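**Student:** Listed here are the chains, written in short residue letters.
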Amino acid sequence: MRKVAIAEACMTRFGKHEKTSLELFTEIGLTTINRAGLYPRDIQALFLGNCLGGFGEGQAHMAPFVHSAMGLPMSSPAMRFECACATATVAIRNAALLVGAGVYDIVLAGGVEKTTNLSTSLATRTFAMASHAQYETPVGITFPGVFAMAAHMYADKYNIPLIELKKHMAEVAVKNHYYGSKNLKAHFQKEITVNDVLSGIMVADPLQLLDCCPFSDGASAVLITTEEKAKKITKKPIYIAGMGQASAGGLYVQQDITKAMARKTASKQAYLEAGIKPSDIDVCELHDCFTIAEIIAIEALGFFKAGKGYDAATKRHTYIGGKVAINTSGGLKAKGHPIGATGAAQVTEIVEQLRDEAGKRQVEGAKIGFVDTMGGDFGTVCNIILTA
Amino acid sequence: MESKLTFKQYQNSLQENRFLGLECKNCRVYTIPPQAVCRSCGSQEFIQRQVSNKGIIKTFTVIRIAADGFKPPFIVAMVEMGQGAYLMGNIVGIEPDSANMELIGKKVEIKAKLVKGDLYSKDIWTPVFEMISV
Ligand SMILES: [Zn+2]
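Protein chains in written order, with the working numbering: chain W, 1114 to 1501; chain A, 96 to 229.
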């Protein structure tokens, strides 16, 4: 395998957008190509993440239309990736694999989503389509519901009073909104308090409104190329040191949903390939679709022991300057979660951090970054380790 | 490879209130709901069995913001059957607002109800859990 690098990574602001998905991705894709000093004709393939285009805009098969709008050569194929919330990370991993294998030299990968044009109940219905359609979705489970059940199971398993766990979960939201307030691309750019979280409406017991990430629109694109080409394009190439991806079935098969076994499996592959361990990571963007999800993730990724990560934000272990800086972009929680674009935006944040370009939320001297994206109810997990 | 218990057959068994499951010939683990291979060892050799309709609540939530087609609030739970398999379904017969952590570990009887399909799905029989009073 050839060494693979990221030459450029960009994202739109996340939030509510008037523009179509096609326009959003085309703009950010061209921005990425322009910033690299390249032309659309230089791109050899487009890997486009998108989940809900069929529901939000009546658009399936979005990739060739984006391809055309961007002016990519007919000989450079475009294809859509879909792995629920892990979509863009999976697109990026596949681009990196093919560049590594020598099939392509330059691939544009990323994703786009529009969710704010769906009503809350339709958005909730379409998100729930990523649960098992025969054995789980028909009982009315929602994504907040999945993580709500994980929170109750966590409290029971580790014998933590629910009221205590909820305060520590709220601290995760406080941290991620704090970093969101320093990110001009974030959906939410204002700080919140523990009390704000604990006084929100109940979405799925015990998750309240601010325990949940928002529905967002947005797009993000990443230029993946060889080490040699990246060095010509930029003074600060970022290298892909290790990757992993794993799959699991429905919750009825996973059973213990506090463990996130697919994440343990995927991250183990990534750590092994990169030859590094969790304690080497300076900065990590992980899948905090809900506050409890961040707690489960920091344990499964090996930053904290099982049952010991719940108070990490409260103890400031996951702030900049703590044990490991987690979700300095604001995470899905504050930066927003346009599902098909999320993974590429996580990569964008790590690229900025490793280039020392993250401004007010810079982790000083960050050299090794970790990307963790989870699709569906722990069914897909994709991890990428990046180095300066 | 022909399935030992199709989704349709499993649906029929739920409708008749008799739970069918698959016991692995290799490792004896039960796979319920059915799928082509053992959830534990991957073997394709099963014996179809009728299983007990008793279980224990492992976790739950009260859905208060629901997807199109559902009327909140209602309780969703994961229940461990006697044979070690987990089912997702609805706890019925108690007020959603009364649901709390004390539900976890409680015994339930497993029955089934028909959930109406919508634009994207057909009618489906799903598990419901009734508390067994002691
Ligand atoms: Zn078996």
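These aren't lab readings, by the way, just hints derived from the structure by calculation. Here the structure is a predicted model, which is why all the values come from computation and not from measurement. Errors might be hidden in some of the hints.
Stated by the list, open to error - Lysine-lysine pairs mimicking DSS-like chemistry, simulated, CA-CA at most 30 Å apart: (1) W:Lys1372 with A:Lys149; (2) W:Lys1428 with W:Lys1480; (3) W:Lys1280 with A:Lys201; (4) W:Lys1129 with W:Lys1295; (5) W:Lys1270 with A:Lys201; (6) A:Lys202 with W:Lys1372; (7) W:Lys1270 with A:Lys202; (8) A:Lys149 with W:Lys1342.
**Student:** Are the hints correct? Go through all of them and say.
**Tutor:** Checked hints:
no.	hint	verdict
1	W:Lys1372 with A:Lys149	holds (26 Å)
2	W:Lys1428 with W:Lys1480	holds (24 Å)
3	W:Lys1280 with A:Lys201	holds (26 Å)
4	W:Lys1129 with W:Lys1295	holds (19 Å)
5	W:Lys1270 with A:Lys201	holds (15 Å)
6	A:Lys202 with W:Lys1372	holds (24 Å)
7	W:Lys1270 with A:Lys202	holds (17 Å)
8	A:Lys149 with W:Lys1342	violated (62 Å)
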